[in-house]
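Please work from the sequences and hints to get the whole structure.
Heads up: the protein sequence lines correspond to chains A and B, in order.
Take the first sequence: its position 99, counting from 1, is numbered 99 in our numbering, and each next residue is one higher.
In our numbering, each number is its position in the second sequence, counted from 1, plus 342.
Treat each hint with caution, since some may be false.
[Unchecked claim] Have a look at the derived ranges for each label pair, beta carbon to beta carbon:
1. A:268 to B:596: 21 to 31 Å
2. A:83 to B:421: 49 to 59 Å
3. B:538 to A:261: 41 to 51 Å
4. B:648 to A:258: 26 to 36 Å
5. B:604 to A:307: 20 to 30 Å
6. A:83 to B:604: 49 to 59 Å
[Stated by the list, open to error] Just a few of them, taken from the derived set where beta-carbon distance is under 10 Å, the chain A residues facing chain B:
7. 196
8. 197
9. 220
10. 235
11. 238
12. 239
13. 242
14. 250
15. 258
16. 259
17. 270
18. 271
The hints are simulated quantities; they were obtained by calculation from the structure and are not laboratory data.
We treat Cβ as the ideally placed atom computed from N, Cα and C, and that holds for glycine.
Protein chains: 2
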Amino acid sequence: MSERAAAGGRTVTLALDAEGGDHAPGEIVAGALAAASPDLRVLLVGRPEMIEPHLAGADTRHVEIVPSGAGISSLEEPARAVRSKRDSSIVVGARTVVEGRAEGFVSAGSTGAMLAVGLLVVKRVPGVKRPAIVTVLPGGEAPVVFLDAGANADCRPEHLLEFGILGSIFARRALGLREPRVGLLNIGEEPTKGNELALGAYPLLADPAGGLRFVGNVEGRDLLFNKADVVVTDGFTGNVALKLLEGTARALLLRVRDAARRDVRSKIGGLLLRPSLTRVRAVLDPEEYGGTCLLGVQGLMIICHGNSSRRAVANALRFGAEAARRGLVQTVQEELGRGGGR
Amino acid sequence: MSERAAAGGRTVTLALDAEGGDHAPGEIVAGALAAASPDLRVLLVGRPEMIEPHLAGADTRHVEIVPSGAGISSLEEPARAVRSKRDSSIVVGARTVVEGRAEGFVSAGSTGAMLAVGLLVVKRVPGVKRPAIVTVLPGGEAPVVFLDAGANADCRPEHLLEFGILGSIFARRALGLREPRVGLLNIGEEPTKGNELALGAYPLLADPAGGLRFVGNVEGRDLLFNKADVVVTDGFTGNVALKLLEGTARALLLRVRDAARRDVRSKIGGLLLRPSLTRVRAVLDPEEYGGTCLLGVQGLMIICHGNSSRRAVANALRFGAEAARRGLVQTVQEELGRGGGR
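As structure tokens, then:
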């Protein structure tokens, strides 16, 4: 894989769900047009009559429409919808990966449906027990790889070990870290702290046989403070944590905004500070981090926030192209895809 | 209880662990002196020779020293330390409650040791399965009662129902809400979302037989946005969430501070905005919320943050006196203490 990782700007083709997300298809198509280049071809999957108006007047040399039906709503039961709606954009998009027409699939549609097509259409890497949603958090000094962000609500200790391996591969391949430090999200620093799951996972993560650079427990208060490069937890705790982080950031920035409207003095202060504060918001903005992906399946699957703007979509496509060039999925297949044993 | 709740400023006596916390005994004693009044007597539990120097020159009419040995460190195994160190400040303080010398006990020492003395010395209210740590989060419009913040790392669905009942009592008695809305922390809004625990707890919480005003699932992103007045979860998720909230707030405020140092324009803006921003910090400051308590035991047990300042200690004492006057523990005994059955 190292030659491949070093190959730089080879052309990557990615499929994009033009029917998925709150602002589909307009913002999705605009994001594709912003990211598409000679090095990044984008297959727009969706109803042509919905997509074409948004292509009018644009440079369409590096995009192509792959016709499909509509998307799958997040209100539908994902597995059932994926099985019955073979024509939906999310199933057709996933099939472009299976058929080798694209190296990856990007969608801002239902996370549940992406998870279902990942398992049912793209399929697990043989040997991987639990594909996980990997996300990148804005640590103070460097990004923090965090998983599982919601694919597996109930986990066993061996799944957390697998997440440690998947997260380490992600940190190496997608973020370029050489020897990522792995931590276990827990309610205390000592190995004797935690619920049954954490107590069971700790020795597995610490065992040299696992091949991880394990640095111990990471408490919630330290998650953003770079105590570890990769932090693992079950998909329930991970999803609650990710959404809480988002909610806390929103609550705080709303309060800072209100503070800057309190009186004339504060208003002037707020105006002067605004350019710098905009940069604070950018650091915390999930749209800047294109890197939420379902790892452990036989293709690159990138999940965008439902309310993704064109900028978020373009960032996700660029992230996906880079991850493809660096052989993220191939590395998972090489390191975990040995038909089990762990 | 209503006569008692209406009794207003009757004198309450609380014990305070003068040996617990990062800044003990100086800040602890200072907090006691700030809060003590004719309506609030404080028993300072600790080594007299450590406490006395901090009382020099102060008005000590409403404080009294109750001699004990040193505290229990958070590095010690809590249950073992509580059993073997009968002379420790935390055991002696808890005993003042059992003996009726104080109506409650406040400590900034080891949370694990507080939990252990709660269960082993103060003891559960008969009929309560799992005493829980109740905390108050800074919601946008109103406070949010959140539990379990760490007493029970592994829970069963019926424990979450009990937390709903305990949390509702807290919201009524300590915050004065008439019919608190109860929510379940979960990874989706639909009743079909969640891990096994949440899926099992949902119907119990929704069952009218439980007597709760249940409003459904609350996602992490909505925790601070007043979708419910009381939000329940297991002690693992709750502890991770609470500490993550603390960490995210710290990370964000650090970034706002850095933004206000970037250039001359931002520095001036930051200076003008500072008074308003200080108020933002105060809203998010756990020291303003004295109300973290272990609920479900036969006495008022208030747990302060380890790095509590005198202000935090004084706020906790005032909160404790008010909770005692409003009959918080008595209400738990009346509503849950019927020897089981639920």
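In ascending order, which of the hints set out earlier in this document are inconsistent with the structure?
none
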